[in-house]
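Using the hints provided, position chain G relative to the given structure of chain W.
Protein sequence lines, in the order shown, are assigned to chains W and G.
Quick note: the first sequence uses this note's numbering, first residue 30, plus one each step.
Quick note: the second sequence uses this note's numbering, first residue 501, plus one each step.
None of these hints come from the bench; they were simulated from the model.
All C-beta atoms, glycine included, are put in the ideal place defined by N, C-alpha and C.
Be careful, since some hints might not be right.
Selected chain G positions facing chain W (Cβ under 7 Å, derived; list incomplete) [as the list claims (entries may be wrong)]:
hint	residue
1	Cys541
2	His545
3	Asp572
4	Ala632
5	Asn633
BS3-like cross-link-like pairs, simulated, lysine-lysine; straight-line CA separation at most 25 Å [what the hints assert, rightly or not]:
hint	chain 1	residue 1	chain 2	residue 2
6	W	Lys95	W	Lys131
7	W	Lys131	G	Lys538
8	W	Lys106	G	Lys567
9	G	Lys567	G	Lys581
10	W	Lys134	G	Lys563
11	G	Lys555	W	Lys131
12	W	Lys106	G	Lys643
13	W	Lys95	G	Lys567
14	G	Lys538	W	Lys134
15	W	Lys134	G	Lys581
16	G	Lys538	W	Lys106
17	G	Lys626	W	Lys134
18	W	Lys162	W	Lys106
19	G	Lys555	G	Lys538
20	W	Lys162	W	Lys95
21	G	Lys581	W	Lys131
22	G	Lys567	W	Lys131
23	W	Lys106	G	Lys626
24	W	Lys95	G	Lys626
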Amino acid sequence: MKTRHIVALIAGCTLYAAAAFGETQQTVLGGYSTQAGSSFTPSPDRGRSLFAANHSASADFPSCTKCHGSDPGASGKHAITGKTIAPMSARANPERFTDAAKTEKWFRRNCREVIGRECSAGEKADVLAYLIKGS
Amino acid sequence: MRRLACAGAALLAALASAPTLADSASIRVPADAPAAWKNECSSCHVAYPPQLLGKSSWHTVMKGLDKHFGSDASMAAADAKAITDFLDRYAPPDGGRHDAANGRITQTQWFKRKHREIPASALSSKEVRSAANCQACHSSAEKGVFSEHQLTPLGRRFED
Chain W
30 MKTRHIVALI AGCTLYAAAA FGETQQTVLG GYSTQAGSSF TPSPDRGRSL
80 FAANHSASAD FPSCTKCHGS DPGASGKHAI TGKTIAPMSA RANPERFTDA
130 AKTEKWFRRN CREVIGRECS AGEKADVLAY LIKGS
Chain G
501 MRRLACAGAA LLAALASAPT LADSASIRVP ADAPAAWKNE CSSCHVAYPP
551 QLLGKSSWHT VMKGLDKHFG SDASMAAADA KAITDFLDRY APPDGGRHDA
601 ANGRITQTQW FKRKHREIPA SALSSKEVRS AANCQACHSS AEKGVFSEHQ
651 LTPLGRRFED
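Chain W with its partners taken away, still in its complex shape (with noise of 0.2 Å):
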């Protein structure tokens, strides 16, 4: 009885520890599909494709491929320093979207570098849905 008090414990534990972090990326795609409205659902599809798009905004930054690259679990580049960056699919590199201000902080400067303008909610929720859940 005691022992199988202990398992449920762990596995609880497991369960529980699991859902928050499942519950951070969530968290923070739920939070983008709140502001686009109660009729909105995120679409990955949508969310490749604004990824994948070519913009007329930057010359040395087209696209959001143009530094992350067309398959986002594998790694990218920084189209001007070279540098390295880490895979966006959450499934490759699960630290990513665990943080709400990290994420939006990247949006703000990405969208404007790229498309020219701040992204909407919906637009975030869609790339959020594609890596975290498309990828």
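Then chain G, alone, in the frame of chain W:
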């Protein structure tokens, strides 16, 4: 006359033995580097140690972060302050070989002299891309070590 010669020799000896602030073998990332410096300055390039650029030149960099050499590197005010304080503690004083009016380390006399034997075509080659990519040639650049004895195979090739 002899005394003058001795004084001159002593001065020369002192000059030769005194390490300059940014003697490439002696640069180290100071131990009290704030977390903000590591987080904010090493995302797109290796975090350049404060010793590489003069104090006023660093101030120029920190005041223009929203247009940081073509990229938006703006950050929270508290992080910018922690980084500026750190740079102020270790940056060489103005008026030396580390000044660059535009804030580019690669434009300092120090950088140019250290790389005078490296052809410009090597620094802009496909493998290096940019002189900002220290770690392409300097294997310990992330620790702030730029010694010519710690080079990557690519760096050794260029040195020859």
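Could you work out which earlier hints the structure fails to respect and list their numbers in ascending sequence?
1, 11, 17
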